[in-house]
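Number of protein chains: 4
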Amino acid sequence: MIKVGIIGATAYTSLELIKILLRHSEADIVYLGTRREGSNKISDIFPILTNTFDMSCSRLTQKDIPKDMDMVFVTLPPAISMQYVPGFLDVGVKVVDLSADYRFQERSTYEKWYEVKHTDPSGLDVAIYGLPEIFRENIKKTILVANPGCYPTSAIIGLAPLVLKDYVYTDDIIIDAKSGISGRGREHKEETHYCECNENVEAYNVGEHRHTPEIENIISLIGKSEASVCFTPHLVPMNRGILCSIYVKMKKRISDEEIIAIFNGFYSKEPFVRIKTDRKLPKTKDVVDTNFCEIAIRVVDGRVIILSSIDNLIKGASGQAVQNMNIMCGFKETLGLSS
Amino acid sequence: MIKVGIIGATAYTSLELIKILLRHSEADIVYLGTRREGSNKISDIFPILTNTFDMSCSRLTQKDIPKDMDMVFVTLPPAISMQYVPGFLDVGVKVVDLSADYRFQERSTYEKWYEVKHTDPSGLDVAIYGLPEIFRENIKKTILVANPGCYPTSAIIGLAPLVLKDYVYTDDIIIDAKSGISGRGREHKEETHYCECNENVEAYNVGEHRHTPEIENIISLIGKSEASVCFTPHLVPMNRGILCSIYVKMKKRISDEEIIAIFNGFYSKEPFVRIKTDRKLPKTKDVVDTNFCEIAIRVVDGRVIILSSIDNLIKGASGQAVQNMNIMCGFKETLGLSS
Amino acid sequence: MIKVGIIGATAYTSLELIKILLRHSEADIVYLGTRREGSNKISDIFPILTNTFDMSCSRLTQKDIPKDMDMVFVTLPPAISMQYVPGFLDVGVKVVDLSADYRFQERSTYEKWYEVKHTDPSGLDVAIYGLPEIFRENIKKTILVANPGCYPTSAIIGLAPLVLKDYVYTDDIIIDAKSGISGRGREHKEETHYCECNENVEAYNVGEHRHTPEIENIISLIGKSEASVCFTPHLVPMNRGILCSIYVKMKKRISDEEIIAIFNGFYSKEPFVRIKTDRKLPKTKDVVDTNFCEIAIRVVDGRVIILSSIDNLIKGASGQAVQNMNIMCGFKETLGLSS
Amino acid sequence: MIKVGIIGATAYTSLELIKILLRHSEADIVYLGTRREGSNKISDIFPILTNTFDMSCSRLTQKDIPKDMDMVFVTLPPAISMQYVPGFLDVGVKVVDLSADYRFQERSTYEKWYEVKHTDPSGLDVAIYGLPEIFRENIKKTILVANPGCYPTSAIIGLAPLVLKDYVYTDDIIIDAKSGISGRGREHKEETHYCECNENVEAYNVGEHRHTPEIENIISLIGKSEASVCFTPHLVPMNRGILCSIYVKMKKRISDEEIIAIFNGFYSKEPFVRIKTDRKLPKTKDVVDTNFCEIAIRVVDGRVIILSSIDNLIKGASGQAVQNMNIMCGFKETLGLSS
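Top line first, the protein sequences correspond to chains A, B, C and D.
Just so you know, UniProt numbering puts 129 at position 129 of the first sequence, and the rest follows in order with no gaps.
Just so you know, UniProt numbering puts 186 at position 186 of the second sequence, and the rest follows in order with no gaps.
Just so you know, UniProt numbering puts 301 at position 301 of the third sequence, and the rest follows in order with no gaps.
Just so you know, UniProt numbering puts 154 at position 154 of the fourth sequence, and the rest follows in order with no gaps.
This is chain A alone, in the form it adopts within the complex (with noise of 0.2 Å):
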């Protein structure tokens, strides 16, 4: 039994966290870290937990963490993550960090789309990106991994097989993502008013957001040359949910059976990949709540088109997080995970 915190307990990803890791039967919760003031139980925070988990939260600051801990999950915003990672490293507490802080190699891209100076170069020179599917072995030994984005999750496994293989084009790609408003964060402002949201469908952020280096960086390694993907990520009215539609162009002429049997033999041994046979289609709602992610593959007319379905807030998120605790723990990787 090891012993985990969170810091930054009070994210919708936070919740996820906890109601895995009260299902988890290596680990045990065993302090909750927030900046918000005057917060006592987490489950005044989060209701649904009441009577099942009413741990209370400490009051966050850089100073005085607790650091004997094996391992914490961070959901801290982007730039505030990373003055916190540091500290646990230093002491040996391994690290899963759901912000952006360590998903760049490369300091200057991270700084460019973050326009933030980065201030823990060193733990970038160690974190491992925390895709399972590609990096696990790089994960088995790491003390930092930087759990990837929501998208990019949903579109890099969507993309490796034929990346790869060097089926497709990688400096031709279109994704065209539709999320739930969870993605959004708990932050309420205009953006999320109900009214706003509801009976409505836009896309945001068109060819500036944040994901885009991320995708463009991982398939540029798993591909070996630069990939260029434009992103189009839209909301719709609904809590969670991610389908990311791809459209990429084929090096080779190649059949709907061969394609799916090349997703079918990468992804063989892998406990949260799913591939839809008989034509069907993945749909949200089928991997809301769980950690899977969701995969059809269409050829037509020479153009691949792949449809990537995750829970933006498991295996966009949380379910991840602890998909790599237990690999970077030696424990079952399905451990907590599988309902």
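Heads up, a few of these hints could be off.
No copy is singled out in the list; a pair is fine if it fits within one copy or between any two copies.
Stated by the list, open to error - In silico DSS-like pairs for lysine-lysine, Cα to Cα no more than 25 Å straight-line:
| # | residue 1 | residue 2 |
| --- | --- | --- |
| 1 | LYS67 | LYS141 |
| 2 | LYS165 | LYS251 |
| 3 | LYS280 | LYS41 |
These are computed hints drawn from the structure, not numbers from a lab.
Predicted model, so just to flag it, every value in this text is computed and none were measured.
Using the hints, position chains B, C and D against chain A.
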């Protein structure tokens, strides 16, 4: 053609006012006032109006409002509204006030429930409660209409025929109301965050909602005896619409058919009240975007159940406000309001 | 480890049963029966189960059901269920029946409200109404549990403490219930079309819903006098969740604090009942996906308002069914049910 | 005042037609035909029309349709529509057909995609594709308009300026479309069950939606070369609205400003096209209930992203149908269509 202004132009109710007035053959919007800084065109605030109505908003200050209008709709919050209304009345501009500031004949009731001193008692003396179905003759003659609250509109229209004819006990009325989220206003706060409202039903302000005394006052007036109302509002995940489920006890035995006949008789000349027959029940979606109040009545074991539905933003606010304007100005009552 | 079957595997409640039983450490699903033709794997019917639980469904005929199980959950419609239940009881398989077929001690009440002759009166004699908070001791000893209806579960748990202690008049109970659309079942008809349900609230079956006599029966039993309930269900646009707003009159004057103390006392040992304190109110989203019933109580002008919320598919159906199984089999009552 | 009939009165699009025509100062609905048995008043089918428009529907048979009208709107399904249209044309009644039956100049394309023999080839010869922004002059002179599909309307208006001016490659167009559920029609089937649609996003008919050839045909015509379109429609949980996200490659380098200037020029005189400026993006809620098509254009890395939104039931069906009627009859084009 009369000249009309909207004082508080950025409220959800103001958008509805504008949409209705644009269809109105006898009224011209000439002024839009807002307390917001930095706003300019109304179509920047409500993009749905782009190319249809792009009038500029004026910054609202108490000192400096143009008075060369025939009529203003005031959509400011309670306590603010009464700071502006007297200025218009003084120079002969008629007012329909959509706040609660002029809805109570008893100043003390207002001050108790709204926790603020009333600064315009002389306005209170001239104001008429703007429910045309009950007070049409008085509305015709007044210069100041206090436009009813959304819940009271639905509840009082549902109760009036039985109360007036003394068929029910008015000291034992239960009103269980369900409202769409726009009833909470346009402000963004935790309660109006999409993920807090969506996939959720909840009661709020149980036993202490400010519409309770408003309903009690008018029912007391109609029934000529002190009414006591147990009013419980609920939020349901939709943009607009109100359904009041009203439970009253009968003084006299009566059948479903007789009671429907009473309602049909009472409202036979009303352009905006529909009584359901053939055991059908109202759906809020059938009144949304209309000025109708739709009512079904059932007798069950000596109790009457009244189901009364309106669009909270139309019959519950802006539609009724224009209906009042039509009456005050001698126009056909349905102008701008029939689809 | 006991062997469990689900008879009627394609209902929404069966999906929830499966999800719960997969987490259950003492029960193994060994049989899935369905009356649907041509279906095969349960994960084809509920794709969310793919790779998690891909068991094949068996075509259900009355003649030919495997009986080598310890327990079955019957999720067939009323009138159909009682055709299958006796066969299991005969060979010693315990039954939790989720239909209404065994909920009434008085056969005549069932036959009046369900308009069908009861074909298994001897089953009626042994069946126990499966509300653990009230009938736990009887459930322990029975072989046939009639799992309560969703509305009755929420309503009775909300009423029981005050009824048992004779604090309220049971001949004057008003229950205004709000339910998500899954309460209407999986059948597709005009009433469940997305565009008919979405952005709409409506009452249905006013004065004639079949859960009325079910609630009256149990409240009469608890209160030891004939109860009369005015029950009005409403549909709200969300997938799941029930909120009952219950209005009762008090026999004795009592404060909010005292009444909350009564509830806290009555349910102090219950693992799945939560009483709200600090004037907080229940939200259905805080019980969805849990087996909790969450209750707030308010005294307003000599009347008690009880707000009681559950997940209609969990505490209102499948969660409670597993809770009953746990009790019948001597397992820890919360097995499979605490997140 | 012209006399107008609706052939297929119970479709969702017919309700919208009725609402628009009731506001229309030059058209009078004189006939409502339906193939449904036993229906009578249109307000029984659409209760929102009660007291506003209670006309009786007539049972539709091919033999016996009144022909003393000036114009009919045919809202029957494809393959059925062409059985009724010739009868009207023969006696001089103008037709706007909302089905796909007359949208294809090439009969073979229709027969391939709709899998039915075309029974009215002479109708095909006279029909004009009713997209006023492109074919206004032809619409003026025709007696038969093929009203465009909802997705093609949104897509073609978004593409036309760049295609006509030869700025983009038309053999490499990707259209990722999102639609509300009303786009699936009024029929109740598993796919339109509330609980299947709500809290879900999914793609459907990938690579095989019938609007693909419709878009390709018109773009080929405008661009004067064979177009190839990859069209992927998605369902999102809302009643109405379409957003097309269109990805095209540029033949010439051009800036955001220049491209917006091209759109503004092209559509400068169009009453129902709005081009977003100031880097704002369209929201479907801002065009719902209007006849507007709202468009934003962005240049990202040599690619153009066009976001085009309409109300699928108004500009994508009934609003455009009335716009076509206005053009065919020489009325002001915006009659009945400006709020």
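Now the hints, each set against the structure:
| no. | hint | result |
| --- | --- | --- |
| 1 | LYS67 to LYS141 | within (21 Å within a copy, 51 Å between copies) |
| 2 | LYS165 to LYS251 | within (10 Å within a copy, 30 Å between copies) |
| 3 | LYS280 to LYS41 | between (44 Å within a copy, 15 Å between copies) |
Of the numbered hints listed earlier, not one is contradicted by the structure.
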